[in-house]
Each structure stands twice: as structure tokens, then as C-alpha cells.
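Asker: Read off the chains here:
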Amino acid sequence: MIPSALLALALLTGSARAELTGQLRGQWQERSAAALGPLAAANALQAGTAPQAGSGALLDAELRASAGPLTAALSLQHSRLDGLPPRSTAALQELYLSGEALGWQFSAGRKLVAWDVGYAFRPNDVVAQEERRTLLSNMPRGRPLLQAEYFSAETAWSLVWVNPEPRQQAHFGDEQALALRVYQRRGALDLHGFARLGEHTHESLGAAAAWVASDSIELHASWRYARRNEVWRNRNGTAALLPASPWQVEALGRRQQALLGASWTGENRLSLMAEAWWDGNALSAAQWRDWANLNGGLRAIASQLPAPLQGAAAGNLAWQAQAFGNSSLRRRNVFVRLAWDHEAWQPALDLLYTPEDGGRIVTASLAWTGNRWRIDAGLRSWGGPAASVIAQLPQRRLAYLASSWSF
Amino acid sequence: MKIKTIVLLTLALGLGTAQAADVAALLRDADRYRAGADQQQIDTQVEVLNADGSIEKERRYTVLSQPGHRSLVLMQSPAEKGQKVLMLGDDFWLLMPGSQRPMRITPTQKLLGDASTGDIATLSWAEDYEGELLGEERCGEAACLHLSLKARRKSVSYQRIELWVGKQRHEPLRAELYVQSEKLAKQASFVLDKAQSMVLEMALQDALSNKKLTHVRYLARKPRQVPEAWFNPMFLARSPSLE
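These protein sequence lines are chains A and B, in that order. If you read the first sequence in full-length UniProt numbering, its first letter stands for residue 1, the second for the next number, and so on. If you read the second sequence in full-length UniProt numbering, its first letter stands for residue 1, the second for the next number, and so on.
For reference, chain A alone in the conformation it holds in the complex:
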């Protein structure tokens, strides 16, 4: 895969009318692990059960080249983080051909197609999910697809055949699927309709709207209904040591997700965004209670076991972290972001809050942008009451400092 990507980039940049752009970035991260939660408990029982990335440096490069109908995007990363071996990765994020025929636009290859109107949650991003609330912007990875699009002045149709080859073991949207988006502009209002037919998850429907209500206020909303959806669930109801993880991906029926959001921007370049969403794919309050009871039960079992057997209890506790893998941690979520655009500086403060248990993730960041250089620094903190899900995530704090050079 990577040699072919490098070959594609070389061919593209060798072309007379090719364009190559990109970014090189060096970053330092200082992390501290949470003392609560199943991973902390697992590592306390037996150190190294669930190795976690610690502090350290990351170097990454993003390269994008295009020539005529061909576009390629490649990302390279090297990391040296405490607790993990040095790691180098390279990924072909996009490689596709695009063209026009009979008034339609076509694309074929690996490509990022991202939809929906939300910032912190996007239920209708049904072709390839863009990452949400990243500390630093990262080039997202596209999926293999064939795409046909039609644009008139105010309407757009987009039909995507994603993962054209059947995939029996694919989960969380990485299955073969047909996805359709219809867009209609009505003055200050943008309307979107979505439909998706997945090989395993079958039909789902969605709708979204964005409306500019005044010079400073924008409102947006998104809704999705799925007849079947895939989520992580624990198939074991009682605390007992098991030889394999009880967490499995299950297809559950009739789920809804909905988001409401608003943003305000003042003449002084201060902006405030607020979003609230319901995610039917998240575990219910009762399921989280069962999860917490199971964690307590496993810790109680571990305390009775002789030292040589505590590794098994630690492993069982570590598997409980798979509960964090669904699209949202809690069904009810609130997100607020305050930012100021002041000349070359952009300070921002954001909060993700889960009202069901009082969990919160707070991020403070500061960016400076020059002609080619950009400096980013920030701090993210995971907290809330000890019983909240967010307080039991593996990390407690993360501070970062990054320097990027664009060309």
C-alpha cells in the first residue's frame, strides 16, 4: 500500500502541472493516567496489563499532491512515547481519480466523503467519519468508494458506493454500503437528506439543517434513524473471570440520534458555540450501572485470588474498557466552546459535559498562526464525580505543544 502511495505521489509531482502541498509537525505531549477506572485497576493489579501511551514526542508529515484528475494524500508519523515502543506509521489517506461526464461528477478510489452539520457529533457522517474534537488537525482517512454527484445552482445529489468489495467482518460503518445525500439551498437555510443501505446494518435515514438566523447567529440540527446499528455490548451479566472478552459488537434495532446546535459570533471576533445531542447508540444509564457493578465484582474477586492468578482478573478488568468504544459515552451530551480570533492568536476554551453523571472534558488551547509556521499549545483534562464514565477513562490530563510548518 505505502510503496504504491509513494509511487503515486512521485508520478503526480513529476507531472508538469502537479501541485504538492503539505505540513510537517513536531509535537510534545505530557500525559498523566487516571487513577480511577478499569484500566487503572487492571494495571494496579498487574503492571503492564494495558500499556498506555505516556509522555513523549511525535513527528508527523502530511503530503497532498494532485495532477489533473488524480489526487493523492499520504500521512507519515513517528512517535516515541513512554510506555510504548517507538512506532513509525505511514498511511495512504486518499488516492482517487475524479472526472466529469454528462453533467455528472465522478470519483473512484480511496476518498474522504464527510457529511452532516454538527461539530462535536455528526450522526449522518455515514460514509467516513471525520474525527471530532481533535487536539490538533489530522488528515482524515478516506474509504474505497465510487461516487457520482450532480450539482445544479441550489441542489446537489451525491450517491456513494462505499467499500465496493463485500466485507464480512466489517463493523461500525466499514461495511459495503450505498449512501445518498440530497442537498437543497433555500436562502439562509441549508437542508440535507440522507439515506444509507448497509450490508449488515441495512437501512437508515437522516436529515440535517443549518440556518443563519441573523448576522451573528447560526442554528443547526441533525437527526438519524437506523433500523439496525452496531454497538459494543457486554454479553456477560455477572462478575466472573472469563477466558475471552465478553464485549462483542452487536447489531441492535431501531436507534435514533439527534443533535441541536447554535453558534454566535460578535463583531469583536468572540464566538460561542453550544451543542446538545442524544445518542441512542450509547450504553443506557442501567447498562453503565451494571458495568460499574461488574467492575466492583471483578475487583472483589481479584482481592480473593492468590498473586499468580491476579493477572487473569487484571485482564478481565482491562476488557471492560471496551465499553468506551461506542459513538458517545453517554446518551445525553452537551458541548460548549468559547473562542476568540485576535489577530494571529486564537485562544479557545471548550467543555464536553455528560449531565447524566456529571462527567466533563475541559480543553484550553492557544494557537498562533504566521505565514508558514503555526504554534499550538493546550491542556485537556478529564474529570467529574468518581462514578462518572469520563472520570474512569484511561487519561486524566494531557498537555501538548506543537509546531507546524506548511508548504
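Since the hints were derived computationally from the structure, they do not count as laboratory data. Be aware that one or more of the hints could be misleading.
To be verified - Some chain B residues judged to face chain A by a derived CB distance under 10 angstroms, without partners named: (1) I55; (2) E80; (3) D90; (4) M103; (5) V179; (6) S181; (7) R238.
Think of the CB as a built atom: it goes at the ideal place given N, C-alpha and C, for glycine as much as any other residue.
Given the structure of chain A, go ahead and fit chain B onto it with the hints provided.
Answerer: Chain B alone, transformed into the frame defined by chain A:
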């Protein structure tokens, strides 16, 4: 007495209409020095200078401008490459680099960052403002006309512009740009090319906060008609070729 009143009113109305027509023609003349053709591609360079004259920031834009208040601004500088702003009348969208999602933005959000430069580059005084001729003044050595312009649309960056144009050829000489709150935001001056036919550069002195000076240089203008689809907000996720 009644007849006299009617005659005077008719004369006043006629004079008012004539003055409005004169102002519209003056503004069309002044626009031609900055904009050129109705359908065109403009390459623009923006330099922001610190108080000591050093360059704080340099940005390049390509602006595709079509009739009906439609403009597509493509950011060309390394720090912003891939960023696009689409302006359709009072409606605006932004596409950030690395994303494939065009986002609806408010007129105030459009002013964030350097995208407002695109607006400055493409606004049409004749179409976006109604004006009043305040009289003849001296602009340095030459005689000039002082016009007071009021925005027809709320979404333009400046709600009031005081504009001075040459008396003979109506070329723009200088302007004072006021935001919604009636504060003076910028003072603009215009430099013409050697042939004295087009504006080569616009200098904007920030009057609101930082006293910085911005130079907007028009590097190239060429007539260009682009497909209707390029002005569909969802088309922003595709990359139009500028060749």
C-alpha cells in the same frame, strides 16, 4: 401659490433623481478601476504591516467573481491552502483544509481571519451601496468629489463608506470605511497603475484597534466564466482547477 409649490416640488424631485443617476454612474466608473469585467478571476496579495513597517503576515487569494454577488475565494498561502469561502449574496460558506464538509457561516463569521479581504476585493460600490454626492473638495493637488455611501445589504463588511473620487475621471482616491456600529474601521487609499486605468493597490489603515496597515495588491485580473456548479456550496468539497 399652489402652482408655484407644484413646480418647485417637481423641480426638486427631478433634481434628486438626476443626482441619484449621476451618483450611480460615478460609482460604476469608480468600480471599473477596481473590478474590471463582470466575470473574472482576480489574484490578490495581502500584506499586513506592523507599526515599524515589518511584514507581519502575507496572504494570497484567488477570487472568482460572477454576476449576482457571487464570489468564490480560494486561499493560496501555505498556512491557509485548501481553505475556501463561498459568497452568494448574503449567504456564506466555509470549507476548511482537510475537511470535506462545507460549513454555513454568518456574515460576522465571514469577517474572521482574512476572508474579509475577499469581500473587499469583490464588493461593488454601485450595486451594494446607494450614494449621495456631498460636493467638490480638494484631494491634494487635484479636485475631487466626496460621496457618502450607505449599504443596501446588511451582509457587506462596511455599512457606510465615505468615498472620494477624481473629479474628471472618477477614479477612486481614498475612502473611510465604517462598520455597523458606526465606528470608523479603516481608512483606504488607492494607487493606480502606470496607465492610470486600474487600481493596482489598496492601502488600508486599521482605525479600530491595532493601527496596522494592510496592502491589498491586485496581481492579475482576467475575464473568466466558470460553471454554475462551482457556486453550489456542496461543490466546495471538490477542487476546481484554476488552470
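Asker: Now look at each hint and say whether the structure bears it out.
Answerer: Hints and how they fare:
1. I55: holds, 8 angstroms
2. E80: holds, 8 angstroms
3. D90: holds, 8 angstroms
4. M103: holds, 8 angstroms
5. V179: Where the cut-off is 10 angstroms and the nearest Cβ of chain A is about 7 angstroms from B/V179, the hint holds.
6. S181: Holds: closest Cβ of chain A sits about 7 angstroms from B/S181, inside 10 angstroms.
7. R238: holds, 6 angstroms
When each numbered hint is compared with the structure, no violation occurs for any of them.
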